[in-house]
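Chemist: Each chain, written out:
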Amino acid sequence: MAKQSTKENFTSLVEVTGLKFSYGEKEILNDISFTVKPNCLVAVLGVNGTGKSTLIKCLNKINQINDGEVRILGQSIEDLSINELAKKVAYVPQNVSTSFPIDVYDVILLGRRPYLTWSVGEDDRRIVARIIEKLKLEEFAFRKFHTLSGGEQQKVMIAKAIAQQPQIYLFDEPTSSLDLFSQYDILTQIKNLVSDEANSCSAIVAMHDINLASKFADMILVIHDSKIYCYDKPCIALNMTTVSEVYSVEAEVLKTDELGSPIINVLRPKKEE
Amino acid sequence: MWRIDEVFDSTTEESGDLADRIEQRAKRQKFYIFLMLVSTALVAIFSMGLGSSKSLSFSKIIMIILGLETPTDIQESILINIRLPRVMMAIFAGAALATAGTLMQGSLGNPLVSPLTLGVASGASLGAALAIILGFSVIDVPVFDNMVYTTLMEFIPNTLIVVNTFIFSLIVVFIVIKLGELRGVSAESYILVGIAITFINGAIVESLVYFATPQQLAQLTHWSFGSVRRPDLTTVLFVGFILTLLYPRLIKYSWDLNTLAIGGDDFAISTGVDPGLLRRKILVISAFATSIIIAFTGLIGFVGLAAPHIARLIVGNDYRRLVPSSALIGALLVLVADTIGGTLFSPVVLPVGIMLSIIGGPFFLYLLLSKRSGAHG
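Chain order of the listed sequences is A and B. Counted the way my numbering counts, the first sequence spans residues 7 to 279. Counted the way my numbering counts, the second sequence spans residues 887 to 1263.
If you're looking for bench data, these hints aren't it; they were derived computationally from the structure. Incorrect hints may have been included.
[Stated by the list, open to error] Only pairs whose alpha carbons sit at most 30 Å apart, straight line, appear in this in silico DSS-like list of lysine-lysine:
| # | chain 1 | residue 1 | chain 2 | residue 2 |
| --- | --- | --- | --- | --- |
| 1 | A | Lys32 | A | Lys277 |
| 2 | A | Lys93 | B | Lys1167 |
| 3 | B | Lys913 | A | Lys150 |
Bound-form chain B, shown alone (with noise of 0.2 Å):
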């Protein structure tokens, strides 16, 4: 027989053998991570590469990233203003939907669940429709003094149009949590409530498109397929700033999502985890980082229910591995399906959203049939 103080007893030493497995494992597991991220790097500079301007090439982007090559004043200005921005906007977008999407389904133990699900999406489209149609937005009322009104109109584009959907679709985020929370903080009565907020959301936008002149019908439509091609450089450095941010706290919360999967609420309470507050927390992080994201992109919402799976399939269902891992996989598909819109009927561009699903839409279905037990419940 063995006494306790000797598991905890610091002095003595441990056996070599079993720390060298852990260790091994470790590195395992961080090839693969290794691994998605020189794959995204190399697609981004591929994307790079793609453009109106012809004398810029994929061979062209490595000479002037390695230096060995001065681009004229106008190829940087391309490179800089118009498609660093557009590809960093990929990378950002993807991440933030995917890590969302991951993080979600998690804290609500349901694979169907998006960042979309709980009414972000809703949100976001009666701000978009408030905007254009009514030209009603949030910024106008007199709460804000004009410093603040111009200074937002100065910097951002659509200022009218992007402000409105990032307050409204975090409103709804809001009245979701809490009407959630009415009926108990259960992850199926956040799910309900979501769906039946965004269909009252969804009669709203309706009424008013209803009302609309084609004109505005058309701003409209053309706001909600999402496209990463409409930000600024200065616009994507603070988005990315702000996911920086928020994405330390997100990896946090792997260990309390591990232990909700296996064993459930009670397992996760008595491994010290609060399963409600830890929801509340993940449904308020993931809503903030996807209504900045949709605020400057408009829809883009097949990445976020996509990208945990097809990391799932890859490397497993251990969050600490899966979270960042979503979060690569997703920069990855956004920014191919952008290229191939880009590229396909040139200089027409397809909107990255529907890209996303009719490249993405086929391809998931691929890996859910080859490899069927793969995700779990």
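Extracted from the complex, chain A is given alone in its bound form (with noise of 0.2 Å):
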């Protein structure tokens, strides 16, 4: 079942228009519009809370929408079955704290649930291998996959969304509980994924450290107060009004060049006026 480069070319990946979505009464996201080109690296920000995570959840019908559409490859997600919208979108959720203990192997094999007729095929087997080469995660292939770190676990979910073998990928905070190390890994092999130009692959990655974000993604997508506050290159996205009113602190913003991703430094909490 192996497809070869079937990779269709859309001018857009993912087109959202008036997305609205609430908890019962509480509101959380309302008419957001943004489309996701090819080979980009889309990072969104806000501070806890703001509905990043729930707006990834929309994408893949985790949640479900009240209105607006969403439309990945051209087709709206409501035509969509749960399956399908598996070969096309593949979504590393922030942590699984899950104490089932099954081998690495076969949490990336399950990212070919979404092609499996009835039963896994060679071609299934050599994918998966392959992928747990080129990750280089042969060192805990067999190990069970409650008993590895926080950013192991994250590289096999990322193996397990390769498999998968989507256009577009959602990430949940892939970061936020790594060391150093682990954070510049991880989000090297999300830009490794989205900047192979005969692929055309995007990534939407909810973040919460800006200064990450400047430097891997290549669209900044801010949301403040339910809608979407800006959504631009790092360089335009970034500055100082945007900081201080979203996050409310008081901050620099360095530039190391005209088009180079800024460094935020934050100096202070915002005073209260």
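Starting from the two chains in their separate frames, assemble the complex, guided by the hints.
Modeler: Rendered as structure tokens:
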């Protein structure tokens, strides 16, 4: 079942228009519209609880949206079954706190689940074996998933996502509990996934570290007061006003050069007026 | 840096080392299942050698099976009409109830669930009570013409009770599933609705019992002790046929249950599994399998709860192995319980439902306490 370079070329992989989502009475997201181009790493920023994760989960039917439309590769997700969607969109959760003892190899093999008709085929096994090699996971391929460290688990989840052969990757705070090395390691892997021109994949990543986002993302989407505050390149989106209004801190923005990613140096919490 | 194309390119060679390790692991897993298969077969043959006819001993059975000895007509009749149905029904009942238990525990994410949790047993009791006490049966309803009625009567002993228990347990499960969905397809809503419906049915059955004659009461009590010695060969083959049709579908759900167990509903959805749909399918199929078994055997409950846990302690939590293993463990449990129940106070036969709890209960406790980190929640 290994399809080769059948990834279609779309001008935008994800199109969101007028998305609205609320938990019961509480409105979380309102009038969210944006598009994601191929080969693009979009970082979703915002303070805790603004609905970064919620937005990510609205894109693959984990959350049922109340209004608006999400189109994936030109098709509305309403018209796609959960199984069809899983072939186009892969989601990597923030952390999988499981005590379920299952081999790492089997977790990655689950990525082939959307393509299975009856049982695992030779192709599926070969794909998984090769992903394990590429991501250098041989060492713990047959260890139990729940005994791995946070960074290792995150890598396994990325491997599982790759096995799904998607064009859109969704990540929910992939670096939130990792050490510095793993943070850069994971984001480099994600960057590598989307920067392959021949494959036109994109990733939407919920993040809380502005500087990591600035360094790795092609586009920054800032959510504030349940709306999109801005959606632009890091050098434009990340300025003093954004940081001050969204994060309520006083900061200086150090620009490396005109087009390079800015570095935010937070000085102090903003004083009450 | 590597390119995604390389991963999905089917022409490149794969690394030998990893493939070897995968193969070794698969062999090890198959060995366990083989071992259980062999022990079930051995106990089955052993059990065939037990019964009131002393001329048919264990060694004799082996001789007959190997074709070294021809049985007399009476012996053949005993073997085919009495012992074979008993042993086969024990295997079918154990396997079906244990599999249903495993799948339901997995899909509802709750280790305390058994096939009887969703009200199957209470529906069956209600059906039996209605048939025995009020003489009411669904097949008396005029929609069934005489043909269906008489054919069923001919093939199934105690037709009224059997059909009633089957239909009523199915009705009750469908009510529970529908009501559970009204409250959202979460695991907990099914369990809570199931418990409520069980109590309501229980109350109706007790009201009926209150007005029952002593004979009716005795018959109902007798029914409620599960036994694998009631059905004849035709019935057993029929049950086996239905279960064989259901089984491959059940095994296919192992993958989906694994995704649920690893990361819950969110993770399942992102892997292409619809958790609500999976739950509904599993509940319907499990209910069907359970209903058909208890319609013929009466209440056999414990195996559906215990066999999945025992299997889990032996082969681990991976549903791809757990589902077949718990079926074998279930078959083994019922077979052993029935064999002991039949020989302990021979010629008095203790019902398998009681024996299961007497032998299985302490064994289950022992396993739980000696290896307590095994079961997952």
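Chemist: Evaluate each hint against the coordinates.
Modeler: We went through each hint and held it up to the structure:
no.	hint	in the structure
1	Lys32(A) / Lys277(A)	28 Å, holds
2	Lys93(A) / Lys1167(B)	22 Å, holds
3	Lys913(B) / Lys150(A)	18 Å, holds
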